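Just so you know, the sequences run in chain order A and B.
When the letters of the first sequence are read in order and numbered with our numbering, they come out as residues 424 to 575.
When the letters of the second sequence are read in order and numbered with our numbering, they come out as residues 18 to 275.
Calculated directly from the structure, the hints in this document are not laboratory data.
There may be inaccurate statements among the hints.
To be verified - Now the stretches of chain A that chain B is said to cover, found in silico as 3 or more residues with beta-carbon under 8 Å: (1) 480-490; (2) 506-513.
As the list claims (entries may be wrong) - With a cut-off of at most 25 Å between alpha-carbon atoms, the simulated DMTMM-like pairs for lysine to aspartate or glutamate come out as follows: (3) A:K476 <-> B:E94; (4) A:K545 <-> B:E92; (5) A:K570 <-> A:D490.
These numbers were taken from a predicted model, which means no experiment stands behind them.
Think of the CB as a built atom: it goes at the ideal place given N, C-alpha and C, for glycine as much as any other residue.
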Amino acid sequence: MEITCKINGKIYTDTINPSEFLIDFLRRNGLVSVKRGCETSNCGLCSVLINGKVSLSCSVLAASVVDKEILTLEGLGEESLRIGMLMAAEGTEQCGYCSPGFIMSVISMKNNLKDPSEENIKQYLAGNLCRCSGYEGQMRAIKNYLKDGKNE
Amino acid sequence: MNFKKYVVAHSVNEVNELLAKSRNNIILGGMHWLKQNRKTYSIGIDISKLGLDEIIEFDDRIEIGAAVSLRDIEESELLKKYCNVLVEAVSKIVGVQFRNTATIGGSVYSRFGFSDVIAALLTTNTLVEVNGNDQIALHQFVQSKISKTFVTKIIIKKEVSKFAYYTMRKSATDIPYIIVSLSKTDNRYKVVVGARPSRAIYALETMKKLDEGVTDIEELTNTLLNEVDLGSNVFSSKDYREHLVKVFLKRGVNSLWK
Chain A
424 MEITCKINGK IYTDTINPSE FLIDFLRRNG LVSVKRGCET SNCGLCSVLI NGKVSLSCSV
484 LAASVVDKEI LTLEGLGEES LRIGMLMAAE GTEQCGYCSP GFIMSVISMK NNLKDPSEEN
544 IKQYLAGNLC RCSGYEGQMR AIKNYLKDGK NE
Chain B
18 MNFKKYVVAH SVNEVNELLA KSRNNIILGG MHWLKQNRKT YSIGIDISKL GLDEIIEFDD
78 RIEIGAAVSL RDIEESELLK KYCNVLVEAV SKIVGVQFRN TATIGGSVYS RFGFSDVIAA
138 LLTTNTLVEV NGNDQIALHQ FVQSKISKTF VTKIIIKKEV SKFAYYTMRK SATDIPYIIV
198 SLSKTDNRYK VVVGARPSRA IYALETMKKL DEGVTDIEEL TNTLLNEVDL GSNVFSSKDY
258 REHLVKVFLK RGVNSLWK
């Protein structure tokens with residue numbers, strides 16, 4: 424079957440297998456920031472924004488995103504670099520495998536929650552697992568990122 | 018999991034016809050569980066264009082379309098007011114990105130023993146609409162055999178209730194291995210035990226004793242353990258479940274009596 428959707432502002436038309444998941448469609452089209460992790464909808468590595476909502480691309484069929492807008496890390500441009508640098512400054516970038524999904528969730532949180540408390544942040548990002556760090560560094564990086572946003 | 022064909026349905030009748038045509042046709046919900054099996058289906062039916070993605074308030078009830086996401090439920094001011102137990106229960110399920118695509122219809126239809134959604138809804142007065150017209154009480158639906166029905170709506174009666182909801186999980190975003198959910202509406206109690214590990218059920222004798230005004234916690238916990246079958250699985254032993262049920266029942270009734 425053929426689908427058309429918008430990914431990072433660009434229109435994509437492609438032929439897919441009806442069972443193909445969005446993660447495979449994205450990676451097949453070169454968007455390899457989207458990582459495969461648990462395959463059980465638990466780890467958050469494959470998180471992307473679909474019409475502004477953070478979603479697990481490993482559980483969304485590519486056929487279901489027709490006419491929708493997808494945003495991956497590649498589409499964030501400077502913003503992803505900014506968050507990445509803040510994370511690196513706090514020592515959270517060890518293997519870095521979880522970072523793309525984590526950054527997409529942070530962007531979604533920033534768009535959806537106004538002045539989130541530490542508890543709000545923990546709850547919003549509960550679906551993003553990291554096996555290297557203890558999450559403390561990420562928390563500092565997020566707070567710095569949100570503070571930077573306020574000062575702009 | 019594989020599909021030979023993907024069909025976007027445009028009416029409830031079309032879904033019913035496709036389900037009747039082949040046992041191998043299946044409705045697509047949030048996909049989180051369906052994707053984990055190894056079956057090949059003839060047709061995957063997309064129900065996202067049926068207008069079932071709304072939470073609608075009526076004078077006496079709230080209707081939740083099958084395609085409403087768990088995240089929409091979590092953020093609904095209406096449900097926070099009338100059915101906070103459901104809001105609290107769904108907020109514990111994995112992460113935001115999971116809840117953005119998991120649907121209430123898929124959660125109810127699947128009747129998983131560990132379902133937070135079902136354990137919470139059972140403490141309310143809820144009907145399940147199937148195939149766009151028939152309505153069945155949730156507790157009957159939960160105990161029924163899984164067949165090719167189309168859960169179209171969840172209908173919750175508007176009532177003023179107090180709720181208490183307790184679960185235990187190995188980690189915050191894991192599935193629960195015991196759930197105790199309670200409600201009090203006009204001095205009538207409901208007590209539900211889920212993740213036993215089998216499907217959630219009412220503790221009817223315990224509910225009766227609470228309605229009659231029994232306040233002896235030991236009598237209540239003994240009654241509950243005598244009437245509800247608990248078992249062991251990879252998540253927890255039967256003994257540990259029994260221990261937790263006692264603690265949660267005590268906390269729950271104390272909270273409802275306040």
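Taking 25 Å as the top limit, are the C-alpha atoms of K476 (chain A) and E94 (chain B) close enough? holds (19 Å)
Assess, step by step, whether the Cα of K570 (chain A) is no farther than 25 Å from the Cα of D490 (chain A), and give holds or violated. violated (35 Å)
Assertion that chain B covers the stretch 506-513 of chain A - criterion: three or more residues, beta-carbon distance below 8 Å: That given contact is violated, which follows from only 0 residues of the stretch 506-513 of chain A lying within Cβ reach (below 8 Å) of chain B.
Pair hint K545 (chain A) and E92 (chain B), alpha-carbon separation not exceeding 25 Å: holds (17 Å)
Proximity test - 8 Å, beta-carbon atoms, the stretch 480-490 of chain A to chain B, at least three hits: holds (count 6)
The structure fails hints 2 and 5 (numbered hints given earlier, in ascending order).
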